[in-house]
Amino acid sequence: MDKTQLGEFIKSLSPDLEIKEGIQYTEVTIPPPMLYSVAKQLRENEKTQFDYLFCLTGIDYGEDMGVIYHLRSTIYGHSVVLKTRTPDRENPQLDSVSDIWKTADFHEREVFDLLGIKFTNHPDLRRLFLDNSWGFPLRKDYVDDINIVTK
Amino acid sequence: MRSIINYLKDIISGVWSLLKGMKVTGSYFFRPSTIVTQKYPNNRKDLVMFDRFKGEVIMPHNENNEHKCNGCGICEINCPNGSIEIISKSIILEDGKKKRIIDKHIYRLSMCTFCALCVKNCPSDALAFSQEFEHAVFNRALLIKTLNKPGSQLMKGVE
Amino acid sequence: MVFDIAVTNSTSLSVPWWKIFYDFSYLTEWIDTSLRNAMSPFWTTITELLIIGVVILLFYALVGLFLVYAERKVCAFMQNRLGPNRVGPFGLFQTIADLIKLLFVELIPIKNADKLLFNLAPFIVITASFMAIAAIPFALGLHAIDLNIGVLYVIAVSSMGVIGILLAGWSSNNKYSLIGAIRSGAQIVSYELSVGLALITVVVLAGSMQLSVIVEAQRDGWFIFKGHIPAFIAFILFLISSTAETNRGPFDLAEAESELTAGYHTEYSGIKFAFFFLAEYINMFIVASIAATVFLGGWMPFHVGSWEGFNNVMDFIPPFIWYIGKTAFVVFMMMWFKWTFPRLRIDQLLTLEWKYLLPINLVNVLIMAFIVLMGWHF
Amino acid sequence: MEEKVKIIIPEEQQEYVINMGPQHPSTHGVLRLVLSLQGEMVKSLKPHIGYIHRGIEKMCESITYQQIIHLTDRMDYLSAHINNEAVCLTVEKALEVDITDRIKVIRTIMSELTRIQSHQLWWCSFGMDLGGLTCFFYGLRDREKILDIFEETCGSRMIVSYNCPGGLMYDIHPNFQKRVKEFIKYFRKTLPEYDQLLTGNVIFHERSKGIGILSLEDAISYGVTGPSGRASGFSCDVRKQEPYSAYDRVDFKEVLFTEGDTYHRYLARIEEMRESMNIIEQLIDNIPEGDFAVKMKPVIKLPEGEYYQRVETARGELGVFVISDGNKNPYRVKFRSPNFVNLSALNQIAKGFKIADLVAIGGSLDLVIPDIDR
Chain L
1 MDKTQLGEFI KSLSPDLEIK EGIQYTEVTI PPPMLYSVAK QLRENEKTQF
51 DYLFCLTGID YGEDMGVIYH LRSTIYGHSV VLKTRTPDRE NPQLDSVSDI
101 WKTADFHERE VFDLLGIKFT NHPDLRRLFL DNSWGFPLRK DYVDDINIVT
151 K
Chain Z
1 MRSIINYLKD IISGVWSLLK GMKVTGSYFF RPSTIVTQKY PNNRKDLVMF
51 DRFKGEVIMP HNENNEHKCN GCGICEINCP NGSIEIISKS IILEDGKKKR
101 IIDKHIYRLS MCTFCALCVK NCPSDALAFS QEFEHAVFNR ALLIKTLNKP
151 GSQLMKGVE
Chain S
1 MVFDIAVTNS TSLSVPWWKI FYDFSYLTEW IDTSLRNAMS PFWTTITELL
51 IIGVVILLFY ALVGLFLVYA ERKVCAFMQN RLGPNRVGPF GLFQTIADLI
101 KLLFVELIPI KNADKLLFNL APFIVITASF MAIAAIPFAL GLHAIDLNIG
151 VLYVIAVSSM GVIGILLAGW SSNNKYSLIG AIRSGAQIVS YELSVGLALI
201 TVVVLAGSMQ LSVIVEAQRD GWFIFKGHIP AFIAFILFLI SSTAETNRGP
251 FDLAEAESEL TAGYHTEYSG IKFAFFFLAE YINMFIVASI AATVFLGGWM
301 PFHVGSWEGF NNVMDFIPPF IWYIGKTAFV VFMMMWFKWT FPRLRIDQLL
351 TLEWKYLLPI NLVNVLIMAF IVLMGWHF
Chain A
1 MEEKVKIIIP EEQQEYVINM GPQHPSTHGV LRLVLSLQGE MVKSLKPHIG
51 YIHRGIEKMC ESITYQQIIH LTDRMDYLSA HINNEAVCLT VEKALEVDIT
101 DRIKVIRTIM SELTRIQSHQ LWWCSFGMDL GGLTCFFYGL RDREKILDIF
151 EETCGSRMIV SYNCPGGLMY DIHPNFQKRV KEFIKYFRKT LPEYDQLLTG
201 NVIFHERSKG IGILSLEDAI SYGVTGPSGR ASGFSCDVRK QEPYSAYDRV
251 DFKEVLFTEG DTYHRYLARI EEMRESMNII EQLIDNIPEG DFAVKMKPVI
301 KLPEGEYYQR VETARGELGV FVISDGNKNP YRVKFRSPNF VNLSALNQIA
351 KGFKIADLVA IGGSLDLVIP DIDR
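Chains as they are written, first to last, in the numbering used here: chain L, 1 to 151; chain Z, 1 to 159; chain S, 1 to 378; chain A, 1 to 374.
FYI, nobody ran anything at the bench for these hints, they're computed from the structure.
Don't be surprised by glycine CBs; every beta carbon is placed ideally from N, CA and C.
Misleading hints may appear alongside valid ones.
[Claimed, not checked] Within a straight-line C-alpha distance of at most 30 Å, the following computed DSSO-like cross-link-like pairs (lysine-lysine) qualify:
1) A:Lys253 - A:Lys209
2) A:Lys301 - L:Lys40
3) L:Lys40 - L:Lys83
4) Z:Lys39 - A:Lys240
5) A:Lys93 - A:Lys253
6) L:Lys40 - L:Lys11
7) S:Lys19 - S:Lys101
8) A:Lys301 - L:Lys83
9) A:Lys209 - S:Lys175
10) L:Lys118 - A:Lys43
11) Z:Lys9 - A:Lys253
12) S:Lys355 - A:Lys43
13) A:Lys189 - A:Lys240
14) Z:Lys20 - A:Lys181
15) A:Lys181 - S:Lys111
16) A:Lys253 - L:Lys47
17) S:Lys111 - A:Lys301
18) A:Lys189 - A:Lys178
19) A:Lys189 - Z:Lys23
20) A:Lys328 - A:Lys301
21) L:Lys140 - L:Lys83
[Stated by the list, open to error] Listing some non-contacts, in silico: residues in chain A with all C-beta distances to chain S over 10 Å:
22) Asp171
23) Gly326
24) Asn347
[Said to hold, decoys possible] Pairwise CB distance ranges (calculated):
25) Z:Ile11 - A:Gly39: 58 to 68 Å
26) S:Phe316 - Z:Ile11: 37 to 47 Å
27) Z:Ile4 - L:Glu44: 46 to 56 Å
Using the sequences provided together with the hints, build the complete structure.
Pasting the structure below:
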């Protein structure tokens, strides 16, 4: 399926989804509560079969915390981008997709480590790179007077 | 019977594959001409580096102790690690005009990642790479270098 | 040379001095008689024991140092490198420099280690290899002790080293060391069988376990040629299993530096580490000399049937040189193995022994016995 | 009186926990694996990473696009050139710059040389992991020839910094073509030696065949890419799927196996070296004339938006995800590094094999730790 068809198809799954045709990929914005069910549908639906999660990025949008999923189907060769964002900066929580794509396990740990987004139902949510005493360095409001030198 | 034949076949093919490996190492053992390592500090004199080799950043001076750096600071902006610092000073020219010229071009070799952005982006080609690669010193302070030589001047015709 | 003067000044040495290179018993008997003339029989025995001890100790140290150097040079040449080349001409004194360094290195005490066993282990390893060297015939008349069960003695003594390795691994209180030691135990217990059986093949042919008799029996042809194919197979099997028994690559699972960092000697430093290191090389030398003695005719020169001239030329080379040459050949083979092959896994190592080497060995012994019974050997 | 309590742990719960790393010869860097063993069998392993986490993604947020190049060099230092290429392609795609054919071809040749030298170093260290120390020196000896080519053209050996947004830092050295051809001729002769020494060796077969099997489903689910993924039958070559640079004009085959064990991960890399040589041979004689760099503005500002670029490094798929807010610094940069993802599958692969196998499996995945930590 090309980008437009894919967008239409995903729109037919649920009317709440916001579909945008990006430069490279079809971009789908999902409200956090629907994330898991849409991801599972995309993975299991015969027509989409997104079996390969090739990138999972956590972003600090300033006010919101967001996660971007890049999916690809190894059978059909089409790709889609899922975006979700939560306005809760203090205790951002999203559903884990690590039981749909096993690779999400490490990626979500990384996002948790660097941005502090908690993933519910994650099997082993520990910090990956940093010590427990560190803040969340990829947040825009992270301050570290010792290690970050600005000219 | 077949299993015994296979057993023997396994052994013979296994030993044969081992012998092939031994042939490779053995053939090198008896050909000392294939040795590639060098006696490094002894061959220092005839060791030639490639002319593009990025050893360290230098500022070439001509025989009159003149360099091309006008102190514009583009190298300082381009440096990703802040290893270049330019200290400039104002002088009063003969015709009474003020002019900012370079006082010290400080280069911290210990922080340099040899990305060549400073050399490439220099508008007046004042910087270059030398082929020096033996950078080890006993004191870390020696790695902070001043690139313009004392008493050097801006080359004529460079603005 | 002091040696020359002593010989020429003596009236009791009845042969020209160069003859002793062909038969060391001239020298040993001369020393014995001069000592007996000077002191009582009791003190003569004590002095002779001391002399033998010192000579073997010196020999041991020299062989160890030289083998370390040789290994480094051989592997360097196989790997397109120069190898040691800084200390002395061609880096000849490199190992001496290393030894001096090791002597001065701090002995790091290990917390929670079993102190007694930890310190005892290197001595057991080195003593085992030291004892085995006494029974090896180096040349005609240069043989410290000629037991009538020489082959058995060497096998027994050289396999004692594994106790030291087990102790080292156990007492270090290090998990990697323990794995290494246990691996080594399993390995040596298994491969001891193959070493023994491979030697028994030749013992069957020679009809004696006494090493001097075995060497003497090869005067008209080395056993590897005399014993047809079974002797050759036994030689190959001995080479493989003795490489395993000395914990050398590709069977160096006990130290396996890419898996266990250094295995049983991870926690050792300084001279204690040097003991392990030295013992490994001496063990290699011992098995090489056993292989040379039993299969390649020991110090016997190479003779071809009826070529009188050729045989005379071969006789002209002193037996000691023959012995050293053959041992060096076997040592080189073992180094060649080590620097060519990847390491086996522990279960494959045991599979190799129990499924391949041991059955082949047993059949081989039977064939050899049959050949000897029928008198088909040369 | 003190009462002695004897606790008996059932045998299946007894674990021998050892720490492999952070200083261990066969983790190739500061990777720490906590292994639970039963005998010598690995029951489970937990990777602990972050020992050289440098925060490259954070650093990228405060530097310009030209300066990112020197950081991506240091991620996967063995495919430095390919990493740089990924960043440059992202920037060029965002700005819709048309780069000349000459740049594309040179980038492709350099990428393939990088791939060969990376696989050579992998071959050395894999041989060394299995205990064949001589492999190490043969591999390094041949790699030296490529590094010399790099040094002559780029000025440095490993951390080349040869790409820049809009083209290349300098033109290729006049000797470049001649030297590359010499190398290909030489390496076609020495590659069979690798086969004799390791590929055909019976001990090596025993150590690698059937060890560490990664099924196709797991490979896709874990996202294991590169030669490791292709050995399991996962067709994931970005050079074929989304051709970039000059890959659309060369003819090469994607090395695919279905077995997915250590031996086939090994074979995939060896075959890939041959394919890389084919690619270089097709391009080296017809490097088109043209500029080596397109004129770019001194300060590059990407238009607002999200840009994703995938490239095939020596270890798998590298994704560069740049979110720009229109400033000269990126708003967020994410590197989807292949090693990070490949490491996550290690537990799945190594479970139930021995320590010696774990070393072989780790070697066959070809992990580069700075790329995992970033």
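Comparing the hints with the structure gives:
{"no.": "1", "hint": "A:Lys253 - A:Lys209", "verdict": "24 Å, holds"}
{"no.": "2", "hint": "A:Lys301 - L:Lys40", "verdict": "38 Å, violated"}
{"no.": "3", "hint": "L:Lys40 - L:Lys83", "verdict": "15 Å, holds"}
{"no.": "4", "hint": "Z:Lys39 - A:Lys240", "verdict": "45 Å, violated"}
{"no.": "5", "hint": "A:Lys93 - A:Lys253", "verdict": "26 Å, holds"}
{"no.": "6", "hint": "L:Lys40 - L:Lys11", "verdict": "15 Å, holds"}
{"no.": "7", "hint": "S:Lys19 - S:Lys101", "verdict": "41 Å, violated"}
{"no.": "8", "hint": "A:Lys301 - L:Lys83", "verdict": "24 Å, holds"}
{"no.": "9", "hint": "A:Lys209 - S:Lys175", "verdict": "28 Å, holds"}
{"no.": "10", "hint": "L:Lys118 - A:Lys43", "verdict": "28 Å, holds"}
{"no.": "11", "hint": "Z:Lys9 - A:Lys253", "verdict": "35 Å, violated"}
{"no.": "12", "hint": "S:Lys355 - A:Lys43", "verdict": "28 Å, holds"}
{"no.": "13", "hint": "A:Lys189 - A:Lys240", "verdict": "28 Å, holds"}
{"no.": "14", "hint": "Z:Lys20 - A:Lys181", "verdict": "28 Å, holds"}
{"no.": "15", "hint": "A:Lys181 - S:Lys111", "verdict": "58 Å, violated"}
{"no.": "16", "hint": "A:Lys253 - L:Lys47", "verdict": "29 Å, holds"}
{"no.": "17", "hint": "S:Lys111 - A:Lys301", "verdict": "60 Å, violated"}
{"no.": "18", "hint": "A:Lys189 - A:Lys178", "verdict": "17 Å, holds"}
{"no.": "19", "hint": "A:Lys189 - Z:Lys23", "verdict": "15 Å, holds"}
{"no.": "20", "hint": "A:Lys328 - A:Lys301", "verdict": "5 Å, holds"}
{"no.": "21", "hint": "L:Lys140 - L:Lys83", "verdict": "19 Å, holds"}
{"no.": "22", "hint": "Asp171", "verdict": "34 Å, holds"}
{"no.": "23", "hint": "Gly326", "verdict": "51 Å, holds"}
{"no.": "24", "hint": "Asn347", "verdict": "18 Å, holds"}
{"no.": "25", "hint": "Z:Ile11 - A:Gly39: 58 to 68 Å", "verdict": "29 Å, violated"}
{"no.": "26", "hint": "S:Phe316 - Z:Ile11: 37 to 47 Å", "verdict": "41 Å, holds"}
{"no.": "27", "hint": "Z:Ile4 - L:Glu44: 46 to 56 Å", "verdict": "53 Å, holds"}
The structure shown violates the earlier hints numbered 2, 4, 7, 11, 15, 17, 25.
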